[in-house]
Each structure stands twice: as C-alpha cells, then as structure tokens.
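Q: The whole structure should be built from the sequences, with the hints applied where relevant.
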Amino acid sequence: MRREYSDSEVRALILDWLLRHGRWGSHYFPLDTLTNKLSHAVKNDGKRIRNCVKELAQQGYLLPHKGGETTSLNPSMKRDILEYVKAVLKA
1 MRREYSDSEV RALILDWLLR HGRWGSHYFP LDTLTNKLSH AVKNDGKRIR NCVKELAQQG
61 YLLPHKGGET TSLNPSMKRD ILEYVKAVLK A
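Residue numbering for the sequence shown follows our numbering, beginning at 1 and increasing consecutively.
Derived from the structure by calculation, the hints contain no laboratory data.
Here the structure is a predicted model, which means the values were calculated and not measured.
Watch out, some of these pointers could steer you wrong.
Derived lysine to aspartate or glutamate pairs resembling DMTMM-like cross-links, with alpha carbons at most 25 Å apart [unchecked claim]:
{"hint": "1", "residue 1": "K90", "residue 2": "E4"}
{"hint": "2", "residue 1": "K43", "residue 2": "D7"}
{"hint": "3", "residue 1": "K90", "residue 2": "E9"}
{"hint": "4", "residue 1": "K43", "residue 2": "D16"}
{"hint": "5", "residue 1": "K37", "residue 2": "E83"}
{"hint": "6", "residue 1": "K54", "residue 2": "D80"}
{"hint": "7", "residue 1": "K37", "residue 2": "E69"}
{"hint": "8", "residue 1": "K37", "residue 2": "D7"}
{"hint": "9", "residue 1": "K78", "residue 2": "E55"}
{"hint": "10", "residue 1": "K47", "residue 2": "E9"}
{"hint": "11", "residue 1": "K90", "residue 2": "D16"}
{"hint": "12", "residue 1": "K54", "residue 2": "D16"}
A: In structure tokens:
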C-alpha cells in the first residue's frame with residue numbers, strides 16, 4: 001500500500017533496501033529495478049526516488065556504476081549508513 005514518506009524516509013528506504021539485499025561496493029544493482037520495486041510503497045514514485053538516489057550519491061552513501069545506470073552502497077560509509085537507517089526508520 002502506498003504511503004506518503006518524507007524525503008529522509010525515502011532515502012532511508014533506499015539504503016535499507018540495498019542493505020537487506022547486500023549491495024555493497026562492486027555488487028551493484030540496476031537503478032530502474034530499484035525504482036520499480038520501491039515505487040509500490042512510495043507516492044510520487046519514480047522521479048522522487050531517482051532524485052533521492054542522486055542526493056545519496058552526492059553525499060557519498062551510494063556509488064554509481066555503468067554511467068549511473070546501476071548503484072551500490074559505499075563500503076567506506078558503512079557505519080554512517082547503518083546509523084542513518086536506524087535513526088530514520090526506527091524513530
């Protein structure tokens with residue numbers, strides 16, 4: 001069921017989804033598929049999710065691969081990613 005999430009919650013959902021699927025470093029995931037999977041839960045789906053992914057990449061949480069078509073979690077930011085997801089989703 002779709003729900004209205006804040007931008008920080010959408011960013012945390014993206015990070016949490018990649019965490020649960022073990023997408024670290026060179027083990028990347030297609031951005032189209034990620035957008036499609038999360039669009040079932042988030043209102044204003046595709047563009048909003050893509051903008052949040054772009055923001056996370058600029059902040060260093062995500063690593064873009066293959067010209068930005070795929071993405072993975074940045075292993076050097078592991079502690080920060082875990083703390084962010086825990087703080088936002090568990091609150």
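Q: So, for every hint listed, does it hold in this structure?
A: Structure-based check of each hint:
no.	hint	result
1	K90 / E4	17 Å, holds
2	K43 / D7	11 Å, holds
3	K90 / E9	10 Å, holds
4	K43 / D16	18 Å, holds
5	K37 / E83	23 Å, holds
6	K54 / D80	17 Å, holds
7	K37 / E69	15 Å, holds
8	K37 / D7	17 Å, holds
9	K78 / E55	17 Å, holds
10	K47 / E9	15 Å, holds
11	K90 / D16	11 Å, holds
12	K54 / D16	16 Å, holds
Taken one by one, the earlier hints all hold for this structure without exception.
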